[in-house]
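With the hints as constraints, model all of the structure from the sequences given.
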Amino acid sequence: MTATWPERYAASLMNTFGPPKLVLTRGEGAHVWDEDDREYVDLLGGIAVNALGHGHPALVEAVTDQLKTLGHVSNFFATRPQIELAEKLLDLLSVVEEGAQRPSRSPGKVFFSNSGTEANEAAFKLTRRTGRTHVVVAEGSFHGRTMGALALTSKEAYRAPFEPLPGDVTFVPYGDSEALAAAVTDETAAVLLEPLQGEAGVNVPPAGYLARAREITTEHGALLWFDEIQTGIARTGAWFAHAESGVTPDVITLAKGLGGGIPIGATIALGAAGDLLEPGNHGTTFGGNPVATAAALAVLHVIEKDDLLERTNAIGERLRDGLAADPRVTEVRGKGLLIGLDLSADASADVTAAALELGFIINNPTPNRIRLAPPLVLTDDDVESFLSAWPAILDRAGVEPPS
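Residue numbers for the sequence shown follow our numbering, beginning at 479 and rising by one.
Don't read these hints as lab results, they were simulated from the structure. A portion of the hints provided could be inaccurate.
Unchecked claim - BS3-like mimics (lysine-lysine), calculated; alpha carbons at most 27 Å apart, straight line:
(1) 587 <-> 603
(2) 603 <-> 546
(3) 587 <-> 783
(4) 783 <-> 603
(5) 587 <-> 566
(6) 566 <-> 546
(7) 783 <-> 633
(8) 499 <-> 546
(9) 499 <-> 603
Remember, predicted model here, so these are calculated numbers, not experimental data.
So, in structure tokens, the structure goes:
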């Protein structure tokens, strides 16, 4: 008997993720097809990665053209896409100085890597160059699974099998300014926060929290580091989720949506923090690869050209309003197209399975929470088809209204 693709997967790949839900064969826009040619609306976007969906012509053209021209050179050399992307990211972080005629580029430096966890590893090492080792991180945080990034991730189930991890890390409740103030001292190297927590089910901090974090870190001479790996690059309807806070951090880490599916991470250090890492302190073989940086430039160009910031806000609002209309949804959170919702029962796994049966890919980060992070090119028809199916999905999962 010929083995199936799932059987071949189980026999040949390490069991780090559990059995795959599907074997996917192709995608277009916000839709994917499985090996039986069944179609699904992708409302997870590779966990906030596929900003332009699947098979976007601009991304395909950028990668193809760059690979035909110059595919890899090592970091003994520089390439134009690498330099242009670093400049573009600093431009996007620019602030309009009072009285200035146009935005001035934020002074800073960028280090490119291959993923979010690598971006955080570089930032973690950068904090050690302050001469301090203590880092304060929020409970519910997720910053990656490599050993350094894992030390900064709060979930016990991820951490425990690999302890001892790099130490001198203090976890405090997310959104609690008083707890943060109590934890930070003159020995603290950095405070690490997500502007919105994604892995925990899309938690939004109270107003003023990020600004208070800036005050606390400045008072103690510590770095303020924002992990925008999931929230950055238009995911929340702004280039960076921290933008509306008016806060300028010292370090920002990016990945996921930046490459639109091509692996890339970026560690951005602003001001004096940009000079903390020196030659020999850190490195990567593939980071800043011309193909990956050309892909990221294409993603940024399409977001600007197609005005996806505005569209992300409009579609996100329509989704949140539509989902909240069902009484079995007790809370809807998030911004743009990073959406979390609470159910009236611990049935998120059943809801995710029911959605898949009806042709929709969603995610269940906790027993009662659902997370959506669809491509920014999600169409109005995709939104309406999911909202139309939502009551039937909850019915099929057996979710009852709260008593």
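Do the hints match the structure? See the list:
At most 27 Å may separate the alpha-carbon atoms for a hinted pair to count; residue 587 and residue 603 meet this at roughly 15 Å. Distance check on the hinted pair: residue 603 and residue 546 sit about 35 Å apart at the alpha-carbon level, beyond 27 Å; violated. For the suggested pair residue 587 and residue 783, the alpha carbons sit about 26 Å apart, so the restraint of at most 27 Å is met. Between the alpha carbons of residue 783 and residue 603 the distance comes to roughly 36 Å, so the proposed pair goes past 27 Å and is violated.
Of the supplied pair hints, the one linking residue 587 and residue 566 holds, its CA atoms being roughly 12 Å apart against a limit of 27 Å. Between the alpha carbons of residue 566 and residue 546 the distance comes to roughly 23 Å, so the proposed pair stays at or under 27 Å and holds. With a C-alpha separation of about 39 Å, the suggested pairing of residue 783 with residue 633 is violated against the 27 Å cut-off. A distance of roughly 35 Å separates the Cα atoms of residue 499 and residue 546; the hinted pair therefore is violated under the 27 Å criterion.
At most 27 Å may separate the alpha-carbon atoms for a hinted pair to count; residue 499 and residue 603 exceed this at roughly 36 Å.
Hints 2, 4, 7, 8 and 9 from the list above are not met by this structure, while the remaining hints are.
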